[in-house]
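4 protein chains.
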Amino acid sequence: MTELTDAEKEFVERVKPLLKEYKEMCKKAGYEQPAAGSYVLSERGKIYHGVPFDWGTCGERNAIGTLVTEETKMSKLEMVLVVGGPEEIIMPCGECRQAIYMWGVENATVLCSNYDLTRIEKFTINKLYPYPYRGGG
Amino acid sequence: MTELTDAEKEFVERVKPLLKEYKEMCKKAGYEQPAAGSYVLSERGKIYHGVPFDWGTCGERNAIGTLVTEETKMSKLEMVLVVGGPEEIIMPCGECRQAIYMWGVENATVLCSNYDLTRIEKFTINKLYPYPYRGGG
Amino acid sequence: MTELTDAEKEFVERVKPLLKEYKEMCKKAGYEQPAAGSYVLSERGKIYHGVPFDWGTCGERNAIGTLVTEETKMSKLEMVLVVGGPEEIIMPCGECRQAIYMWGVENATVLCSNYDLTRIEKFTINKLYPYPYRGGG
Amino acid sequence: MTELTDAEKEFVERVKPLLKEYKEMCKKAGYEQPAAGSYVLSERGKIYHGVPFDWGTCGERNAIGTLVTEETKMSKLEMVLVVGGPEEIIMPCGECRQAIYMWGVENATVLCSNYDLTRIEKFTINKLYPYPYRGGG
Numbered sequence: 001m002t003e004l005t006d007a008e009k010e011f012v013e014r015v016k017p018l019l020k021e022y023k024e025m026c027k028k029a030g031y032e033q034p035a036a037g038s039y040v041l042s043e044r045g046k047i048y049h050g051v052p053f054d055w056g057t058c059g060e061r062n063a064i065g066t067l068v069t070e071e072t073k074m075s076k077l078e079m080v081l082v083v084g085g086p087e088e089i090i091m092p093c094g095e096c097r098q099a100i101y102m103w104g105v106e107n108a109t110v111l112c113s114n115y116d117l118t119r120i121e122k123f124t125i126n127k128l129y130p131y132p133y134r135g136g137g
Numbered sequence: 001m002t003e004l005t006d007a008e009k010e011f012v013e014r015v016k017p018l019l020k021e022y023k024e025m026c027k028k029a030g031y032e033q034p035a036a037g038s039y040v041l042s043e044r045g046k047i048y049h050g051v052p053f054d055w056g057t058c059g060e061r062n063a064i065g066t067l068v069t070e071e072t073k074m075s076k077l078e079m080v081l082v083v084g085g086p087e088e089i090i091m092p093c094g095e096c097r098q099a100i101y102m103w104g105v106e107n108a109t110v111l112c113s114n115y116d117l118t119r120i121e122k123f124t125i126n127k128l129y130p131y132p133y134r135g136g137g
Numbered sequence: 001m002t003e004l005t006d007a008e009k010e011f012v013e014r015v016k017p018l019l020k021e022y023k024e025m026c027k028k029a030g031y032e033q034p035a036a037g038s039y040v041l042s043e044r045g046k047i048y049h050g051v052p053f054d055w056g057t058c059g060e061r062n063a064i065g066t067l068v069t070e071e072t073k074m075s076k077l078e079m080v081l082v083v084g085g086p087e088e089i090i091m092p093c094g095e096c097r098q099a100i101y102m103w104g105v106e107n108a109t110v111l112c113s114n115y116d117l118t119r120i121e122k123f124t125i126n127k128l129y130p131y132p133y134r135g136g137g
Numbered sequence: 001m002t003e004l005t006d007a008e009k010e011f012v013e014r015v016k017p018l019l020k021e022y023k024e025m026c027k028k029a030g031y032e033q034p035a036a037g038s039y040v041l042s043e044r045g046k047i048y049h050g051v052p053f054d055w056g057t058c059g060e061r062n063a064i065g066t067l068v069t070e071e072t073k074m075s076k077l078e079m080v081l082v083v084g085g086p087e088e089i090i091m092p093c094g095e096c097r098q099a100i101y102m103w104g105v106e107n108a109t110v111l112c113s114n115y116d117l118t119r120i121e122k123f124t125i126n127k128l129y130p131y132p133y134r135g136g137g
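Protein chains in written order, with my numbering: chain A, 1 to 137; chain B, 1 to 137; chain C, 1 to 137; chain D, 1 to 137.
Treat each hint with caution, since some may be false.
Remember, identical chains collapse to one label, so a pair may be satisfied in a single copy or spanning two.
[What the hints assert, rightly or not] Listed below are the simulated DSSO-like cross-link pairs for lysine-lysine, each with C-alpha atoms no more than 27 Å apart in a straight line:
no. : residue 1 : residue 2
1   : 127       : 28
2   : 28        : 9
3   : 23        : 127
4   : 20        : 73
5   : 127       : 46
6   : 20        : 127
7   : 28        : 122
8   : 27        : 127
9   : 46        : 73
10  : 76        : 28
11  : 76        : 27
12  : 73        : 127
13  : 16        : 122
14  : 122       : 20
15  : 23        : 73
16  : 23        : 9
17  : 73        : 27
18  : 28        : 73
19  : 76        : 20
No wet-lab data here; the hints were simulated from the structure. If you're wondering where the values come from, they're calculated on a predicted model, not measured in any experiment.
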């Protein structure tokens with residue numbers, strides 16, 4: 001695994017209590033191991049959470065929607081953390097890669113983890129989404 | 001116009017300062033009259049805002065995504081307020097009607113307004129989305 | 001049930017052999033009762049079929065995509081036939097209602113049937129999608 | 001540019017008259033240089049065309065929808081040709097990369113061209129969509 005920078009480590013540390021809180025809320029609501037979705041870090045240093053819902057809206061895009069609502073379209077995401085299953089990490093789908101590219105800073109960091117954040121793999125959006133679509137067609 | 005109930009009036013009154021704040025934030029960020037999206041009221045009495053963004057994610061679904069993230073899928077929306085343009089109200093699109101139906105209480109209220117909330121029309125989701133799709137196919 | 005016009009009856013009759021052929025093809029491919037999707041009739045009198053696939057693309061929109069490809073965006077659909085399950089009819093989802101409204105003639109006919117076309121209910125898009133979204137926001 | 005294989009060259013040659021025909025149909029219908037969308041080649045050797053339409057349905061997914069309708073979900077695409085603008089090639093968006101991955105053979109070829117097929121760049125889906133999302137979450 002590529003080593004995390006200090007800023008990335010700090011992001012993960014800040015997500016930990018939020019994720020714990022989310023899991024506890026779901027447990028109270030009667031869920032067994034809910035999909036925990038994704039967390040994004042904005043340029044302004046705020047963290048937004050999004051869970052998958054509806055037909056085909058993943059946690060990443062749900063979280064980006066909250067960022068855009070709270071900070072306007074002028075603000076960008078710096079990092080994303082995608083929370084996976086008990087053992088396995090989950091990669092962002094194609095539509096979410098497009099959204100991370102569009103709403104992220106230049107070459108934003110994409111962290112993919114298992115459910116307990118004990119295993120984290122680090123990517124960049126350029127690596128996951130090379131030769132991007134830029135409109136037209 | 002069908003008259004608003006007290007609960008509906010209260011919802012609109014609570015949205016007013018939130019909408020004002022959103023418009024001011026956008027003005028500072030350099031927007032001229034941004035799309036203000038929609039506000040949803042959850043069963044727990046909380047209000048969530050969502051703006052349109054990305055390709056085809058409207059404010060209604062963006063706001064519902066935040067509700068589901070913050071309150072789990074066990075919570076439902078009771079009312080939606082769709083903020084329109086300077087003069088005209090805007091109706092929810094078909095995909096948002098499906099989402100309001102799926103994530104709303106029985107026959108949720110849908111309020112459609114102009115940009116300044118000076119003109120509000122009241123619907124129910126049953127009226128806007130009769131004979132709903134319930135899965136299958 | 002509202003009675004079908006001669007034009008609507010003719011459309012259903014033309015679909016019958018196409019549906020039979022589709023079911024036979026699926027059977028050969030190893031499907032048990034596949035989702036048969038929808039058929040649309042264009043202004044030029046051609047029929048296009050679409051099955052549900054991917055995440056959230058229903059048969060209606062798949063069929064409309066073929067119509068637009070084959071006849072350009074200047075052509076409209078006149079009728080849709082949505083094929084449902086063994087017993088029950090299936091209604092179009094909200095996103096498909098929007099698409100039928102946008103790509104259909106004024107107040108297009110929507111026929112919803114069970115799997116064998118032995119039970120058909122007739123609607124119009126105005127009835128299924130009143131107070132339509134017309135853009136903006 | 002990576003050199004095209006004989007099979008890829010043949011695919012392009014087969015698309016040429018189809019594209020010409022499409023452009024002529026659009027011209028008659030009153031379009032100036034319409035978006036020509038994408039062509040997919042199925043395992044069975046058939047070519048399906050799809051144009052962009054609706055909110056966010058690109059030509060690639062429109063063409064894949066026709067393939068799935070015509071050949072069932074058991075059939076896969078082998079190659080895609082994405083037709084771009086007068087000068088520039090266009091890359092598939094993230095959502096289309098996901099669809100090409102899901103509905104394509106192992107490491108399907110993706111050809112991106114300008115409007116007249118005089119400039120073609122060759123990719124594979126593995127290159128454009130590495131570390132794919134495989135469901136879950």
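Comparing the hints with the structure gives:
For a Cα distance limit of 27 Å, the shortest separation of residue 127 from residue 28 qualifies neither inside one copy, at 39 Å, nor across copies, at 34 Å. Taking the shortest Cα distances, residue 28 and residue 9 never come within 27 Å of each other, neither inside one copy (29 Å) nor across copies (32 Å). Proximity of residue 23 and residue 127 under a CA criterion of 27 Å is satisfied in neither setting, with 31 Å inside one chain copy and 36 Å between copies. When the C-alpha separation of residue 20 and residue 73 is checked against a cutoff of 27 Å, the pair qualifies only between copies, where the shortest distance is 17 Å, while the shortest distance within a copy is 29 Å.
Only within a single protomer do residue 127 and residue 46 lie at most 27 Å apart by alpha-carbon distance; the minimum there is 25 Å, versus 33 Å between protomers. When the C-alpha separation of residue 20 and residue 127 is checked against a cutoff of 27 Å, the pair qualifies neither within a copy, at 30 Å, nor between copies, at 36 Å. Taking the shortest alpha-carbon separations for residue 28 and residue 122, neither the intra-copy value of 32 Å nor the inter-copy value of 35 Å comes in at or below 27 Å. Taking the closest pair of Cα atoms, residue 27 and residue 127 never come within 27 Å of each other, the shortest separation being 36 Å inside a single copy and 35 Å across copies.
Taking the closest pair of Cα atoms, residue 46 and residue 73 come within 27 Å of each other both inside a single copy (15 Å) and across two copies (24 Å). Taking the shortest alpha-carbon separations for residue 76 and residue 28, only the inter-copy value of 16 Å comes in at or below 27 Å, while the best intra-copy value is 33 Å. Taking the closest pair of Cα atoms, residue 76 and residue 27 come within 27 Å of each other only across two copies (17 Å); inside a single copy the shortest separation is 32 Å, beyond that limit. In this assembly of identical chains, residue 73 and residue 127 lie within 27 Å of each other by CA distance solely inside one copy; the values are 24 Å within and 30 Å between copies.
Taking the shortest alpha-carbon separations for residue 16 and residue 122, only the intra-copy value of 17 Å comes in at or below 27 Å, while the best inter-copy value is 42 Å. Taking CA atoms no more than 27 Å apart as the test, residue 122 paired with residue 20 passes inside one copy only; the shortest distance there is 21 Å, against 40 Å between copies. Within a single copy, residue 23 and residue 73 get their C-alpha atoms only as close as 30 Å, which misses the 27 Å cut-off; across copies the closest is 13 Å, which meets it. In this assembly of identical chains, the alpha carbons of residue 23 and residue 9 lie at most 27 Å apart only when taken from the same copy (21 Å versus 35 Å across copies).
Taking the closest pair of Cα atoms, residue 73 and residue 27 come within 27 Å of each other only across two copies (12 Å); inside a single copy the shortest separation is 34 Å, beyond that limit. Only between protomers do residue 28 and residue 73 lie at most 27 Å apart by alpha-carbon distance; the minimum there is 12 Å, versus 35 Å within a single protomer. For the homomeric pair residue 76 and residue 20, the shortest alpha-carbon distances inside one copy (26 Å) and between copies (23 Å) are both at most 27 Å.
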